[in-house]
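Novice: Protein chains in written order, with our numbering: chain A, 135 to 246; chain B, 273 to 388.
It should be emphasised that the hints constitute simulated quantities derived from the structure, not laboratory data. As the structure is a computational prediction, the values presented were derived from the model and not from experiment. For glycine and all other residues, C-beta sits at the position ideal for the given N, C-alpha and C. Please note: incorrect hints may appear among the correct ones.
Pair ranges (Cβ atoms, derived) [to be verified]:
| # | chain 1 | residue 1 | chain 2 | residue 2 | range |
| --- | --- | --- | --- | --- | --- |
| 1 | B | 318 | A | 156 | 37 to 45 Å |
| 2 | A | 173 | B | 283 | 43 to 51 Å |
| 3 | B | 282 | A | 206 | 22 to 30 Å |
Computed far set for chain B versus chain A, every beta-carbon distance over 10 Å [said to hold, decoys possible]:
| # | residue |
| --- | --- |
| 4 | 279 |
| 5 | 301 |
| 6 | 328 |
| 7 | 329 |
| 8 | 334 |
| 9 | 335 |
| 10 | 339 |
| 11 | 360 |
With a straight-line cut-off of 30 Å between C-alpha atoms, the simulated DSSO-like cross-links for lysine-lysine are [stated by the list, open to error]:
| # | chain 1 | residue 1 | chain 2 | residue 2 |
| --- | --- | --- | --- | --- |
| 12 | B | 310 | A | 175 |
| 13 | B | 342 | B | 310 |
| 14 | A | 178 | A | 188 |
| 15 | B | 275 | A | 178 |
| 16 | A | 212 | B | 310 |
| 17 | A | 232 | B | 288 |
| 18 | B | 275 | A | 232 |
| 19 | A | 188 | B | 310 |
| 20 | A | 188 | B | 275 |
| 21 | A | 185 | A | 212 |
| 22 | B | 342 | A | 232 |
| 23 | A | 185 | B | 342 |
| 24 | A | 178 | B | 288 |
| 25 | A | 212 | A | 232 |
| 26 | A | 175 | B | 342 |
| 27 | A | 188 | A | 232 |
| 28 | A | 212 | B | 288 |
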Amino acid sequence: EAGVTQFPSHSVIEKGQTVTLRCDPISGHDNLYWYRRVMGKEIKFLLHFVKESKQDESGMPNNRFLAERTGGTYSTLKVQPAELEDSGVYFCASSQEKGIQYFGAGTRLSVL
Amino acid sequence: AQKVTQAQTEISVVEKEDVTLDCVYETRDTTYYLFWYKQPPSGELVFLIRRNSFDEQNEISGRYSWNFQKSTSSFNFTITASQVVDSAVYFCALSEAQTGRRALTFGSGTRLQVQP
Chain A
135 EAGVTQFPSH
145 SVIEKGQTVT
155 LRCDPISGHD
165 NLYWYRRVMG
175 KEIKFLLHFV
185 KESKQDESGM
195 PNNRFLAERT
205 GGTYSTLKVQ
215 PAELEDSGVY
225 FCASSQEKGI
235 QYFGAGTRLS
245 VL
Chain B
273 AQKVTQAQTE
283 ISVVEKEDVT
293 LDCVYETRDT
303 TYYLFWYKQP
313 PSGELVFLIR
323 RNSFDEQNEI
333 SGRYSWNFQK
343 STSSFNFTIT
353 ASQVVDSAVY
363 FCALSEAQTG
373 RRALTFGSGT
383 RLQVQP
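Okay, chain A solo, but in the shape it has when bound:
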């Protein structure tokens, strides 16, 4: 069974540009989560989807971040416009109802 996959593995962009990260959850997992780790700090929660609905977006830092999960399958996280402080590793995880969250390998975002 395929795990959580994230694309791209690494993205380098300039400040002010737009970047879109993608996450494909484990098949059958209705719950999908986004987290990020910036500047070597703690991994921080961003938001949680249940199917296509945003269950909890309390961790989204500002309106430059837009997460979508059309059709309740894969999800995208768009950063527009990117700022220097957005650099870090963005993780996606998925789970069954009340289940364990399984993580992908992350997307390393570098904003120059």
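Dock chain B against the given chain A, drawing on the hints supplied.
Specialist: The following block gives chain B in isolation, referenced to the frame of chain A:
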């Protein structure tokens, strides 16, 4: 608010040594989950264990063991007879169990280096 503290930033041991990774947590919830994840050099976070706050029994899985002590709000992780393949960053995490909120609160991680 929830908080997880992993005071050990980096630990270096020689192969076959035992090593304990500390995790201390804070929460106002009466029911919660505790987790350990491993992040090898490849980058993905690998699930190791989930423990419900009602279950204070220690757990052993091969060379891994976990000591959950509610009285001291700690959930420590011990690797017995460490191996080079255990080298990784280890994260302790906490989540609510009673509400629908599933967000994990992570500690800052402990980097374990096992030298041959």
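Novice: Against this structure, judge whether each hint is valid.
Specialist: Tested hints:
Remark: the range hint 37 to 45 Å for residue 318 of chain B to residue 156 of chain A is contradicted by a beta-carbon distance near 21 Å. Under the hint 43 to 51 Å, the C-beta atoms of residue 173 of chain A and residue 283 of chain B, about 22 Å apart, miss the expected range. Roughly 41 Å separates the CB atoms of residue 282 of chain B and residue 206 of chain A, a value that falls outside the hinted 22 to 30 Å. Taking the minimum C-beta to C-beta distance to chain A, about 13 Å, the non-interface status of residue 279 of chain B holds against the 10 Å cut.
At roughly 15 Å, the least C-beta separation between residue 301 of chain B and chain A is larger than 10 Å, which holds for a residue marked as non-interface. Residue placement check: residue 328 of chain B keeps its beta carbon more than 10 Å from all beta carbons of chain A (closest about 20 Å). Residue placement check: residue 329 of chain B keeps its beta carbon more than 10 Å from all beta carbons of chain A (closest about 18 Å). Every beta carbon of chain A lies more than 10 Å from that of residue 334 of chain B, the smallest distance being close to 19 Å; the non-interface claim holds.
Against the 10 Å criterion, residue 335 of chain B stays outside the reach of chain A, whose nearest CB is about 21 Å from its own CB. The claim that residue 339 of chain B lies off the interface holds: its Cβ sits roughly 20 Å from the closest Cβ of chain A, which is beyond the 10 Å cut-off. Listed as a non-interface residue, residue 360 of chain B keeps its Cβ farther than 10 Å from every Cβ of chain A; the least gap is roughly 13 Å. Between the alpha carbons of residue 310 of chain B and residue 175 of chain A the distance comes to roughly 16 Å, so the proposed pair stays at or under 30 Å and holds.
Straight-line distance between C-alpha atoms of residue 342 of chain B and residue 310 of chain B comes to about 23 Å, which keeps the hinted pair within the 30 Å bound. Between the alpha carbons of residue 178 of chain A and residue 188 of chain A the distance comes to roughly 17 Å, so the proposed pair stays at or under 30 Å and holds. Between residue 275 of chain B and residue 178 of chain A the alpha-carbon distance is near 11 Å, which keeps this suggested pair within the 30 Å criterion. Proposed proximity of residue 212 of chain A and residue 310 of chain B is supported: the alpha carbons are some 27 Å apart, at most 30 Å.
Note on residue 232 of chain A and residue 288 of chain B: the hinted pairing is violated, with a Cα-Cα distance of about 37 Å set against a maximum of 30 Å. For the hint linking residue 275 of chain B to residue 232 of chain A, the alpha-carbon distance of about 21 Å falls within 30 Å, and the restraint holds. Proximity of residue 188 of chain A to residue 310 of chain B is assessed by CA-CA distance (about 28 Å); at most 30 Å being required, the pair is judged to hold. Our distance criterion of 30 Å between C-alpha atoms is met by residue 188 of chain A and residue 275 of chain B, whose separation comes to about 24 Å.
For a cut-off of 30 Å, the pair hint linking residue 185 of chain A to residue 212 of chain A stands: about 18 Å separates their Cα positions. Between residue 342 of chain B and residue 232 of chain A the alpha-carbon distance is near 22 Å, which keeps this suggested pair within the 30 Å criterion. About 35 Å separates the Cα atoms of residue 185 of chain A and residue 342 of chain B, which puts this hinted pair outside 30 Å; it is violated. For a cut-off of 30 Å, the pair hint linking residue 178 of chain A to residue 288 of chain B is broken: about 34 Å separates their Cα positions.
As the CA atoms of residue 212 of chain A and residue 232 of chain A are separated by approximately 27 Å, the hinted pair is consistent with the 30 Å bound. The straight-line distance between the Cα atoms of residue 175 of chain A and residue 342 of chain B is roughly 26 Å, inside the 30 Å bound, and the hint therefore holds. Distance check on the hinted pair: residue 188 of chain A and residue 232 of chain A sit about 16 Å apart at the alpha-carbon level, within 30 Å; holds. For the suggested pair residue 212 of chain A and residue 288 of chain B, the alpha carbons sit about 45 Å apart, so the restraint of at most 30 Å is broken.
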